[in-house]
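Colleague: Here the protein sequences line up with chains A and B, keeping their order.
In case it helps, my numbering puts the first sequence at residues 167 to 665.
In case it helps, my numbering puts the second sequence at residues 10 to 350.
Just so you know, these hints were derived from the structure itself, not from any lab.
Keep in mind it's a predicted model, so treat the numbers as computed, not measured.
Glycine included, each C-beta is placed from N, C-alpha and C at the ideal position.
Check before you lean on any hint, since a few could be wrong.
[Unchecked claim] Ranges between beta-carbon positions, derived for each pair: (1) Lys177/A - Leu111/B: 30 to 40 angstroms; (2) Ala115/B - Lys177/A: 48 to 58 angstroms; (3) His285/A - Gly79/B: 47 to 57 angstroms; (4) Ala115/B - Asp527/A: 24 to 34 angstroms; (5) Ser174/B - Leu578/A: 43 to 53 angstroms.
[To be verified] So these bits of chain B aren't anywhere near chain A, every CB distance computed over 12 angstroms: (6) Pro17; (7) Ala104; (8) Glu109; (9) Leu111; (10) Glu157; (11) Gly189; (12) Ala190; (13) Ser192; (14) Arg204; (15) Leu218; (16) Pro222; (17) Thr259; (18) Gly312; (19) Asp314; (20) Arg339.
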Amino acid sequence: MARSLETVHAKAKSYDWPFTVGDQRPKFPTQYTIPPTGRDPFRMLIRDYVKMEAEKDDRTHGFLDGVLRMGTAGEVQPRFMECMKLTLPGLTFAEFAAVAATGGIISSVQNQELRQGYHAQMLDEIRHTQLEMTLRDYYVRPWCDPAGFDISQKALHQHPGGLVSIGLFQNFNTGDPVDCIVNLNVCVETAFTNILLVAAPQIAVANGEHAMATTFLSIQSDEARHMANGYGSLMAVLQDENNVPALNRALERHFWHSHKALDGLVGWQSEYGATVRPWSYYDQWQEWVVDDFVGGYIDRLTEFGVQPPRRLAQADEDVRWSHHTLAQAFAAMWPLNFWRSDAMGPADFEWFENHYPGWHDAYGGFWDTYRQLAHPSSGRLILAELSGLPPFCQVCQLPCVMPRPDRNEFRLVEWQGVKYATCSEGCEWIFRTWPVAHAGRRQFWARYHGWDLADVIEDLGYVRPDGKTLIGQPALDLDRLWTIDDIRAIGFEVKDPLA
Amino acid sequence: MPIIDVLPFRACYDCGRNETILAGALRAGRFLRYGCRHGGCGTCRVLLVDGEVEQAGSSFALPRADRADGWILACASAPAGDCVIDVSPGPDGMALTEEEFLAGDAAGTYVTEVAEITRLTRDVRGLRLRLLDPGSIRFTAAQFVTVEVPGTAATRAFSMASPPSESGSIDLVVRVLPGGAFSAALDERLALGDRLRVSGPFGQLKVRLSHRPIIMIAGGSGLAPIESMAADLADRRNTRPVTVFFAVRTAADLFHLERLEAIRARMPGLEIVPVLSEPGLGWAGETGLVTDAVDRRLPRLSGYDAYLCGPPAMIDAAVELVTRRGVRPRNVHFDAFVRTG
């Protein structure tokens, strides 16, 4: 930026005034003290910003249009596209939640530099929402089985897997605005989503899907500014040492919650949504989360009193297994999915065992059985073969069989006379520290306690236009698809494990 | 005057046509990482995103392929006009934060006095320098300083063996080499109370924050930065397991074991493993090449961070071993000690 423009930029920011009309009180007050001035994390004139974003939009839309015209859009590994039916609306919800988050931050922070940064971030998040809606619209057209994509935003809110992302991303805009910044800008955007937005596009391309890579990389190109917003906010808050204990608590909370939710979901998309896997999720996690975020970002802040996540070693142990366990859970509940699941085969077994020694002993038997029961002629559901349904964690919403069914850390918590399930010591600590934030969500099994599974599926609306064939299927190569009649004939009754 | 625009934080400074990008930054009160300042160490490598530079010194430390990719050494490049450089993090980048850039050069020149000279072994000396002006130094464990050779303009680089918490003096470990200028001064002319000019701190080796257990391998005088890092970890109440392998030829070449034991008393997770390549009678500890000893003691190193300091040949062998045994290449950090007397 030339110096004359810097002057204009600084002058524009100096036009600030207190509101004399309307109620400026933020929805959630902050317990932190924030200095009235700081360093500008945005550093760009709005006209340059708009020009840059318009060009990025043009490139992405142009690419999607070109691929459709060339007729190559359908040459994708089916697994990848099916998993995207959950991943894409989850990310879109995150963008929605982030739009609201930036609004909440702007109205709570009396610091013009930070406001400027968050105003731009709000525009970014809206742009991302639009790009992802466009991507979904694109998927509906060339993909051979669009069922699920067409209802995915609604389905996200109904599905236990969708609640994993919703449970995390609602923290973007709910609670103390500085805690929201710690969640959105620091934990999610700086630590965890790099694997989804930078590394996962490699998986997409390796499996024949270029539209996701193009869209996600366009989104990622804005993330550096969001990271700068988070860093600028932390540096502002850290000017008052009285803020440090609360900041460390917020960091501990949101690091653990982000780990539980995103490591499960992104690991699942990356490895169980692929037949070609250029890397293992565990390795990517070491690089992006441990080396870059903890070893770089957090390390620089330690001299101001910021502490590295206390549960980092536990998270490391979890990351070896949690997405495999989530994949098993999603597969086991396939009739309740709005995507088609796929059975893991010999080539998958070999790759998983090579990259996660011990995988076969822990999961191989499940997938063998799963494959045997995949055809509707089996007349059996793997869900019915389980000894019972696992409860979902009241905090992260993952099934309480984490990190591995044989090593699960399930624990019950009682609050105001009601019992809640949590999946780990970290989630139990979060629930006990912020019970009001987490106790209100009604769990999926409780909602359908005593229902026949076929009625649940119809209630969710996960049936194709013929009124009989399920959207969810347990394999991608079936010569006959499961119908609602097949499920009703089995007669499986949902039982809430906490009832 | 050319303007240097520094990415990713977009901060600018003026640079003269006849000064290097590094010199301009330091003159403007800004900071870019640097070490030798004459193209030999590669610490000041940055990516030239836009603009042109003229060669203003040796770029010995910059491989030709990197030059073709746009990398330059800031200490050896003068701007031909406005330039944009990038100091972002990354495998090869400078990884400079905006705060570090704006804070200016933390390296300075210090007047010190010789407080202690200790004969540690037949060819290793301990040199304690008390800081006089300024009276303290701020550094990161495993960094080094350059010390002027008395009576000459030459300097020699030595790592601090003491931790950053002891900022009023620095302990250096000096290997005495026959015919070496500093070695001769140390053994023959330096006396307690003599003044020595010291510059620094320099170097990017440091303990990376993580949860992983740590393996440290030191060869000879390479123990100094390892000891500093271990002491600093103890100061920070580290709970990660740390194993230090200390390789020398004979039992008589071992030094600072009592200091390592004192660190262990404060940090119970520290294990110290001396390794002798030429053990005499009565030695019950590890023997042979240090890499063999590591192989015997820690055959699986997956999930470790590794820090290696010593002669280049030892570093090469140790890097190969620890990566083969499971340390991710990105988690291997080392400082090769080149012989200078």
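Colleague: None of the hints should be skipped; say for each whether it holds.
Modeller: Outcome of the hint check:
About 22 angstroms separates the C-beta atoms of Lys177/A and Leu111/B, a value inconsistent with the hinted range of 30 to 40 angstroms. Between Ala115/B and Lys177/A the Cβ separation comes to about 33 angstroms, which falls outside the hinted range of 48 to 58 angstroms. For the pair His285/A and Gly79/B, the supplied restraint of 47 to 57 angstroms is violated, since their beta-carbon distance comes to about 34 angstroms. Taking the beta carbon of each, Ala115/B and Asp527/A are about 52 angstroms apart, not inside 24 to 34 angstroms as hinted.
Here the CB-CB span from Ser174/B to Leu578/A is close to 46 angstroms, well matched to the stated 43 to 53 angstroms. At roughly 6 angstroms, the least C-beta separation between Pro17/B and chain A is not larger than 12 angstroms, which violates its mark as non-interface. Taking the minimum C-beta to C-beta distance to chain A, about 7 angstroms, the non-interface status of Ala104/B is violated against the 12 angstroms cut. For Glu109/B, the requirement that its beta carbon stay farther than 12 angstroms from each beta carbon of chain A is not met, with the minimum near 8 angstroms.
The beta carbon of Leu111/B is not kept farther than 12 angstroms from every beta carbon of chain A, the shortest such distance being approximately 9 angstroms. With a cut of 12 angstroms on Cβ distances, Glu157/B stays outside the contact zone with chain A, its closest approach being about 30 angstroms. Non-interface call for Gly189/B relative to chain A: holds, since the shortest CB-CB distance, roughly 37 angstroms, exceeds 12 angstroms. With 12 angstroms as the threshold on Cβ separation, the claim that Ala190/B sits away from chain A holds: the shortest Cβ distance comes to roughly 38 angstroms.
The beta carbon of Ser192/B is kept farther than 12 angstroms from every beta carbon of chain A, the shortest such distance being approximately 37 angstroms. The claim that Arg204/B lies off the interface holds: its Cβ sits roughly 32 angstroms from the closest Cβ of chain A, which is beyond the 12 angstroms cut-off. With a minimum CB-CB distance of about 4 angstroms to chain A, Leu218/B fails to clear the 12 angstroms threshold, and the non-interface call is violated. Not every Cβ of chain A is farther than 12 angstroms from the Cβ of Pro222/B; the closest lies at roughly 10 angstroms, contradicting the non-interface assignment.
The claim that Thr259/B is not at the interface with chain A holds, since no C-beta of that chain comes within 12 angstroms of its own (minimum 38 angstroms). Consistency note on Gly312/B: stated as away from chain A, yet its beta-carbon is not over 12 angstroms from all of that chain's, at 8 angstroms minimum. Distance to chain A contradicts Asp314/B as a non-interface residue, since its nearest Cβ pair spans about 9 angstroms, not more than 12 angstroms. Distance check for Arg339/B against chain A: the nearest CB is about 6 angstroms away, which does not clear 12 angstroms, and the non-interface claim fails.
Hint violations for this structure: numbers 1, 2, 3, 4, 6, 7, 8, 9, 15, 16, 18, 19 and 20, all remaining hints satisfied.
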